[in-house]
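Quick note, our numbering runs 482 ahead of the 1-based positions in the sequence shown.
For the record, the hints were derived by calculation from the structure and aren't laboratory data. You may find that some hints are simply not true.
To be verified - Restricting the straight-line Cα-Cα distance to at most 30 Å, the calculated cross-link-like pairs of lysine-lysine (DSSO-like) are: (1) K525 <-> K539; (2) K539 <-> K553; (3) K525 <-> K541; (4) K555 <-> K539; (5) K525 <-> K546.
Stated by the list, open to error - Each pair of labels, with its calculated beta carbon distance range: (6) I554 <-> L519: 27 to 35 Å; (7) F515 <-> A552: 20 to 28 Å; (8) L519 <-> K548: 32 to 40 Å; (9) D506 <-> K541: 25 to 33 Å; (10) K525 <-> R502: 34 to 42 Å; (11) I551 <-> N524: 30 to 38 Å; (12) C520 <-> I551: 25 to 33 Å; (13) D506 <-> K548: 17 to 25 Å; (14) R521 <-> K553: 30 to 38 Å.
Quick caveat, the model's predicted, so the values are computed rather than measured. C-beta: ideal position from N, C-alpha, C; glycine also.
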Amino acid sequence: MQPRRRMTQRLHTGTRAEIRRWQDFTEILNEWFAWALCRLWNKLPEEQGFELIHHFKIKLRIFKIKTRIAKIKTRKPVKS
């Protein structure tokens with residue numbers, strides 16, 4: 483589990499405002515997921531509910547990785 487902590491630290495290679503914006507965004511996403519899951523949970527059998535949570539977690543991780551790659555691509559080259 484050690485490399486995962488390093489990954490999250492590298493994610494925040496931006497200005498403080500960017501980091502704050504990212505945190506706000508993930509909070510909104512998490513709230514939306516929670517709401518969607520609550521809606522679905524009442525309609526689904528329990529195992530399917532757990533599968534759904536897992537699916538959402540994977541989606542969120544993929545999204546985070548994609549945005550990190552986008553951040554790296556848009557980073558301005560440092561003049562030496």
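Which numbered hints turn out to be false for this structure? Numbers 8 and 9 - these are the hints that the structure violates, sorted from lowest upward.
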